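Please work from the sequences and hints to get the whole structure.
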Amino acid sequence: MALDVLTERGTSLDKQEFDWRDLVRIPYSKLDDDAFTRVRVILMNGIESEAVRFGHAAARVNKPLQLSLARIRRVEHFQQTMVNWLNPPDQNALETTIGFEQVAIEVTANVARNEPDPYMKQVYHFGLLEDFDHLYRYSALYDRLHGKDANTLLQCYTDVLPGRPTSVEHRAPEDDLRLPYDRARADVLTKIHATTITAAEQMTHDYYMTIGPTFADPLARQLYAEIAAIEEQHVTQYECLSDPYETWLEKWLLHELTEVWNYWCCYNAEGNPRVKDIWERFLSYELGHLHHVVHLFEQNEKRDVQSILPKSLPKPIKFESQRDYVREVLAREVHLRANGSEIVEPDEESEASLAYRQRMNAQGSPSEIVAAGWVWSPAGELTPKPTGTDRKKARGAQQEARR
Amino acid sequence: MKGSKKTLEGKPEKHVNRTGIALSPVHAKELIEGAAHTHPSMSGDETGIATVRAAYMRDAEPIGSIPPPTNVKSAAKVFTVERMAVLLDKIGARLAFERTGTRLYQAIIGKVESGTPFEGGPTLERLTQIMREEQQHFELLREAMESMGGDPTAVTPSADVEATLSMGVPQVLHDARTDVHQSLEAILLAELADNDGWAVLIELARSLGHEDLATRFEVALEQEAQHLRDVRGWVKASTLAVSKTARAGAPATR
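Same order as they appear, the protein sequences are chains E and F.
If you're matching positions, the first sequence starts at 1 in my numbering and goes up one per residue.
If you're matching positions, the second sequence starts at 1001 in my numbering and goes up one per residue.
Take these hints with a grain of salt, some might be off.
Here are some of the chain F residues that sit facing chain E, going by a computed Cβ distance under 10 Å [stated by the list, open to error]:
#: 1; residue: E1061
#: 2; residue: G1064
#: 3; residue: L1095
#: 4; residue: T1100
#: 5; residue: L1104
#: 6; residue: Q1106
#: 7; residue: V1112
#: 8; residue: G1115
#: 9; residue: F1118
#: 10; residue: Q1135
#: 11; residue: E1139
#: 12; residue: P1157
#: 13; residue: P1170
#: 14; residue: A1214
In silico negatives: residues of chain F with every beta carbon more than 10 Å from chain E [stated by the list, open to error]:
#: 15; residue: E1030
#: 16; residue: M1042
#: 17; residue: S1065
#: 18; residue: A1096
#: 19; residue: T1164
Just so you know, these hints were derived from the structure itself, not from any lab.
Keep in mind the model is a prediction, meaning the values are calculated, not measured.
Glycine included, C-beta positions come from ideal geometry on N, C-alpha and C.
Dropping the structure here:
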């Protein structure tokens, strides 16, 4: 479905209302809903969290915008509440973590695949392979702490394999900086992608920082500390991608456009009718926010908004397994490192990053310890690997059952 | 001694439990007086909470559905699909519990290894044997599930609910600050639930005409009953050991 964001005005801000019962809905089912429903809930929670965070930052340096920011931010806050509260209570913090990493892999892979700028694409690949490794480490933790299988959450959409080892992802701050797109020349999809992935990574960082200390196991606490540090690096990396010379209003406009685009992607893909209703409602709310900001932009900046907004929304995220794409990137780019703003061969790494990494791993690496000797297998490593005889017996039993 | 810390002045740090009001007589008096002169912000009682819960229960959907057998045709020969689904749900619950149980015993073995032995306490040999039996029970259930056309990798609703129910058990066992006694109490909780789970599963299998399965499960229950007896004994012995060495104001011994 195409969407003309310039003519579709959505729900006006005055009509965007909630009450507590409306906000707190029946959650999705951890067992029965498609894994991509969880992916979309986690993603949109991150997008709304970024909207609120951006709104506060903007308000602190833009007195004339404070009222509009406060009004829209109030709605964004409630949107985030309704979305985040869709996570079910039987989904524990480690299970939600596995969901976060699935978002980081599947959504980033989608973004990389569609990204028109080759430098940006390379940066997304770089981050993707690190998050890919985090999923492997957390899956090992899930198996070794609880005897449970991460694939019950991932539903076979995402591989559980080592990526760029987390232990080598630790870099000096200067090697996490990247180059921005040029606001005058960049494709609008490039701008939306940068805002989307920054939002998702920031939420991941904040989530790990909140739930890390709730774990009792000392290694789990260390692992969350370690991976939260990488998420902080990722936020540093991704936030560099947006042009720092965009005005506050231009950035606000792009945030609203990003929200519209993401809800539109979710609405197009959602299979759960109750959740789909929420995506539709919030798509309409975001169109309302966008047009409110369009009005402010035109009033304040005296520029044509069409120089920033596209007539129709660009290519949507496809919420489907990106296994083949991820495997290709993994095979080609897993060995790469970063130096300054560039993605480089391992022998070109900076001394600063090597020294920093050595210091951080001086007393061992939690991500290495947790997954030592661990390979994903159905139902976890406690399940004996089937021998040839076992397979024969199983086939025999199946044939017997059929008779 | 483990757990003994020094203050900046070089004196041993004093452990003081600060949770009770008796420790703050002046503040406690003010606190109580302040509350006594206050009216609730709204009249009523706790039944309002039940009303909200009831409204959500009316709209709620199940935690999840039972994964259908992969071979419905063969299953239908013996039971109706629905009745068989109940059995698969409960087998799935025990299967998940035994797998997690193996990890729990791994954790307590680590605790016992680094703790101080006490009279009547668990030996590493016995704990390792129990851990292996937990894994064997998991294997038994996995095979049972497969033979009935079920998918042993799926999480059944009962397995999910039992995992939610026992979330605190690994949390206690994995905490570096808990001692062997506290960890044994966590294991006791798990064994109590597990024993009842097996007993119900055996009755269910038998009521559905699966005598062979019930007989195999009974062997597992006998072992689980022995686990329970052992753990009860260890909890009792560790409580007595703690009581002999405990001093008022001292932290739990390790």
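Results for each hint:
1. E1061: Holds. Min distance 6 Å.
2. G1064: holds (3 Å)
3. L1095: holds (9 Å)
4. T1100: Nearest chain E Cβ about 4 Å off; hint holds.
5. L1104: holds (8 Å)
6. Q1106: holds (8 Å)
7. V1112: violated (17 Å)
8. G1115: violated (16 Å)
9. F1118: violated (23 Å)
10. Q1135: holds (6 Å)
11. E1139: Holds, because the Cβ-Cβ distance from E1139/F to chain E comes to roughly 7 Å (cut-off 10 Å).
12. P1157: holds (7 Å)
13. P1170: holds (6 Å)
14. A1214: violated (19 Å)
15. E1030: At roughly 32 Å from the nearest Cβ of chain E, E1030/F sits farther out than 10 Å, so the non-interface label holds.
16. M1042: holds (15 Å)
17. S1065: Given a closest Cβ separation of 5 Å, the condition is violated.
18. A1096: violated (7 Å)
19. T1164: violated (5 Å)
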